[in-house]
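S.K.: These are the residues of each chain, in order.
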Amino acid sequence: MDNKKIMKKYIVKGLAVAVLAMGGACSDSFLDVEPHAEMLPADYFSKDENVPVEVVNSIYNKMLDWNQHSFSWMGVSSISSDDADKGSDPGDTGADKHQLDDWTFSADAISFKELWESNYGGIARANQALLIIPDMTIEEDLKKRLEGESRFLRAYYYWNLVRMFGGVPKIDKVPDPSNEEDVINGRTRATEEEIYDLIKGDLQFAYESLPQVYNSDADLGRATKGAAATFLAKVNLYQKNFGEVRRLTDEVIGYGIYGLVDDYATIWREVGENSKESIFEVQARGVTPAKGIAGYAVSQMVRNQLGWGINTPTQSLLDAYEPGDVRRDATIIFPGETMWDGVNIIANPPNPWYNEKAYFSKTLETFEGDWETNKNLRIFRYAEVLLMKAEAENELSNPTDALKALNEVRLRAKLGKVTETNQDALRLLIWKERRVELAFEHDRMFDLRRQGRAGDVMRAHGKDYVDGKHDLFPIPQRQIELSDGLLKQNPNY
Amino acid sequence: MNGGTIQDVKDPNLQWEVTTETDLGVEFNLFGNKLSGEFDYYKKTTTDALINAPIDAIYGDPNGVFLTNKADVLNKGFEVVLNWNDRINQDFNYNIGFTVSRNKNSIDNVSDGIPIVSGSLNNGQVTTRTEVGQPIGAFWLYQTDGVFNTQEELDGYVNEAGNPIQPDAITGDLKLVDTNGDGIIDEEDRVYCGSYNPKMMIGLNLGFTYKNLDFTVDGYGNFGNKIYNGKKAQVWGGENIEAALAGRWTADNPNSNIPRASNNVPVASDYYLEDGDYFRINNITLGYTLPKDWMEAVKIERCRVYFSARNAITWMNYSGYTPELPKGSLDSGIELGAYPQTASYFVGLNVNF
Chain A
1 MDNKKIMKKY IVKGLAVAVL AMGGACSDSF LDVEPHAEML PADYFSKDEN
51 VPVEVVNSIY NKMLDWNQHS FSWMGVSSIS SDDADKGSDP GDTGADKHQL
101 DDWTFSADAI SFKELWESNY GGIARANQAL LIIPDMTIEE DLKKRLEGES
151 RFLRAYYYWN LVRMFGGVPK IDKVPDPSNE EDVINGRTRA TEEEIYDLIK
201 GDLQFAYESL PQVYNSDADL GRATKGAAAT FLAKVNLYQK NFGEVRRLTD
251 EVIGYGIYGL VDDYATIWRE VGENSKESIF EVQARGVTPA KGIAGYAVSQ
301 MVRNQLGWGI NTPTQSLLDA YEPGDVRRDA TIIFPGETMW DGVNIIANPP
351 NPWYNEKAYF SKTLETFEGD WETNKNLRIF RYAEVLLMKA EAENELSNPT
401 DALKALNEVR LRAKLGKVTE TNQDALRLLI WKERRVELAF EHDRMFDLRR
451 QGRAGDVMRA HGKDYVDGKH DLFPIPQRQI ELSDGLLKQN PNY
Chain B
1001 MNGGTIQDVK DPNLQWEVTT ETDLGVEFNL FGNKLSGEFD YYKKTTTDAL
1051 INAPIDAIYG DPNGVFLTNK ADVLNKGFEV VLNWNDRINQ DFNYNIGFTV
1101 SRNKNSIDNV SDGIPIVSGS LNNGQVTTRT EVGQPIGAFW LYQTDGVFNT
1151 QEELDGYVNE AGNPIQPDAI TGDLKLVDTN GDGIIDEEDR VYCGSYNPKM
1201 MIGLNLGFTY KNLDFTVDGY GNFGNKIYNG KKAQVWGGEN IEAALAGRWT
1251 ADNPNSNIPR ASNNVPVASD YYLEDGDYFR INNITLGYTL PKDWMEAVKI
1301 ERCRVYFSAR NAITWMNYSG YTPELPKGSL DSGIELGAYP QTASYFVGLN
1351 VNF
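Those protein sequence lines, which keep their order, are chains A and B.
This note's numbering puts the first residue of the first sequence at 1, with every later residue one more than the last.
This note's numbering puts the first residue of the second sequence at 1001, with every later residue one more than the last.
Note that these hints are calculated values from the structure, not bench results.
Do not rely on the hints blindly, as some may be mistaken.
Claimed, not checked - Computed footprint of chain B on chain A; a stretch qualifies when at least three of its residues, placed anywhere within it, have a C-beta under 8 Å from a C-beta of chain B:
#, region
1, 54-67
2, 107-115
3, 165-176
4, 478-489
Where is the CB? At the ideal position from N, CA and C, for every residue including glycine.
With the hints as extra help, turn the sequences into a complete structure.
M.R.: Laid out in C-alpha cells, this is it:
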C-alpha cells in the first residue's frame, strides 16, 4: 500500500468539526480550510525504534482489559462449566453470571457483548499494526517479527470468538465505515471453517517469523515460535487433525527448552512466571505504573476477606481429583487453610471453596494494589503440550507414546502411572487428566464442547444444556440490531 | 510494555451539518412600554446532523460510537415572551416575565436507513431508538400490563397454539404485552413511548422593589418529557434501593403491582418510564439596603444584606432524584444513579465604601 493512501486515512478532520460546532448554516467553500496539522503520517511509526514495537505492544495490552480476560471471560469460559459456580452471595449476580451458571442467558447478556467487543477490539489493533508495519522504515527482520506477533495475537482473539460464537465476521484489514463493501462484510458471518483457516494462516505465519527465544529481558513474554506451534497444535486438536497435533507437539517437545516445573503449586506464583513450563502468558506488571489484568485476581478471591469470591470450584471438580493428587490443594482454597505465604483463610466465607490459581500474596510477592495485580495469566503451558500429544497418539492408535506423555504429567502430580491401552478408555482418562491439570485455566467449557459431550456432562451436572442451541453462545443482540438483522443469530436463540 | 495504536474510528467523509431555519417573529411594546413581548414561530431543519452514532464492534472503537453525518432532524415550534414592568409610585416597582415555548422534534431521515439503537443501561439492555418520524433518542420499550399476580394468571398467558407467551416468567414478574399479537415476546413488541425532549418549556420571573427592599424569584419547567428510571430497575450490590420496593410482589403480598425481587436483568420496559414534567424555582432573593443616613455616619456608601435560595423547590412527578438528565442526543433522560441537585442557601452582605 502506498503512503498517500495511508496519509489520507489518518488526516484528522478535527479542525473542520470544531468550526462547525460554532456556526450553523454555512457550507461555503471558503470555510473548507485545509487542516494545518496532519497527524500520524505513515512514517510517524518509524520515527524512533520504540514506536514500531509499541504499535504491536498495544495488541498485547488489550489482553489486560476488564472486558477481555476478567469478569465476562470467567462467566463464559469457566462459570458456565461443571468446574465452577458463580460464587459470591446469591444476590450478587454480576449482571448475568448466574444465568451463565444456569444456562438461562439470552442474547442480550452483557458478557457476550463485552467479549465480542473486546476480542474485535484486539483484532482491530492487530489489523491496524498489520496495515502500518509494511510501510515502516525498519529492519526487515524486525518487521517480520512484528508481523508475526500481530498475527499470533489476531489468531488468539479470533480463537476466542470462534469457540464462543462459531463463524463470525472475518475482518482481516482495517475496515472503512464509509465503504459499503466493508460495512456489509462487517455484518456478514464467515463460516467457522473460514475463521479457522484465518487462524491457522496467521499462526503458520507467526510460526515461520517468530524466534524460539528473545535475547533481551525487555522482550520477555512476547509470542515465540514455540507459542505459535503449541497454539497451532491446539487448533488442530479442535479440528481432530491428530497427525498435525502429533507433529507440532513433537516439535515443541524437541526444542528442549520447555519442561514441567517440579512443584505444580508454584506455577501460579510470581516465582513461576515465565518459567520453563510457560509457553505463553499474559504479562501483568505489579509495580508503578502497575498494569495488571483488571480485577482478574481480586474478583475471584475469598469473599468477606480478600475479594469478591466469584468463579468458585464445584463439588464435581473436587471429586475429579484422585487421592494424593497434589493439584487439588494447589487449585483450591479451603476455608480455614493457611496459604503458602502465611495468610489464614477465614473459617466461614459464603462459598465452600475458591480458585487458588488466582491467589496473590500481598506480602511475599510484588503487590501495589488489588486491581492491577502482578499476576500473569497462563494461556499455554508445557503440561498441555504433553496432554495434546497423549491425545493425538491415542487417536492415532499409539497407546505407548500416549501413556508416556500422560504419565509424565501424572508423575509431577504425584500420581501413579496409567496403563490403560484401550483407545476409548484411554481417551476418557486423558480428558479427565486435562480437566484436573487445566482447571480454572479457561479451558473446560470449550474442551467439553470439542469433545462432543458438553450436553451429556452438563445435564449430568444438573444444568439445562440444550443440544443444538448451547453448543454456541448467542451473538450479542446489540450487534444484530446495529446490522439491521444482516448479522444472523445462532440457532434457537 | 508501552503500547500505542489508533482506536477511535473517524468518518473519512465527515461533512458540515447544514441548518436551514425559517423564523417568523413579532416584537411589540404596549401601554407606554409597560408590556413588551415577542412571538416567534420557527422551523429548523438540520440535514446531515452530526451524531455520535453507535458503530459495529468490528471497528474496534473503544466507546463504540463515532461522529458521523447520521440523520436529518426537524425542530419546529413557537415561543412567546411577555414582560410587564410597572412603577406604582416612587416606592414601588415590579416586573413579571413569562416565557413559553413549544417544540416538536422529529427525524426526517436516517442516513443508512437503519434505526439507531442506543440508551444503554450498562447491563446489556438498551432503551432508545431513533428512526424516521420519531423524535431523536425516542424511548423504545416493551409494554407491561402489571405483574403476574397469581399462578392462574401466568398459566393463562398463552398464545393461540397454547404455548406460554412468556415461558421464562414466574409469578411476580412483569407481564410483557405481545403488542403485535404473534404469540411470542421479542423486539418486534417494543413500541415508542416518547422521549426526553420536552414538548413545552416555561420560564417565569417576578420581582419588585419597595423602598429599601428588593425581591426576585425565577423558575423554569419542562413538560411532556419522559425519563427512564434505570435506578429503579436495577441496582448493584450494596446500594440503597427505592423504599417503595418494600411493597413488592411476594407470595404473601400477591396483589402488589411492583415486580418481585429478582436477580435477573430487567428488560427495558415502560414500567420504568416516568413523566419528566417539572417546574423548578431556580432562584429566590430578598434584599434590604440599609438607609443611607445610617451609613454616612460610618462612611459607607451603600450596604445591602440579602438572603438567597438557589434551587430550593422542584415540583415533579418523577420518583428519582432529578428530572434534569442531559447526555448525548441519543441517550439523554436515563437515570442510572444521578446525584440529586443540591439546594443552596446564601446570606450575603454587599458593602461599597
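S.K.: Run the structure past the numbered hints and jot down the numbers of the failing ones, going up.
M.R.: The structure breaks none of the hints.
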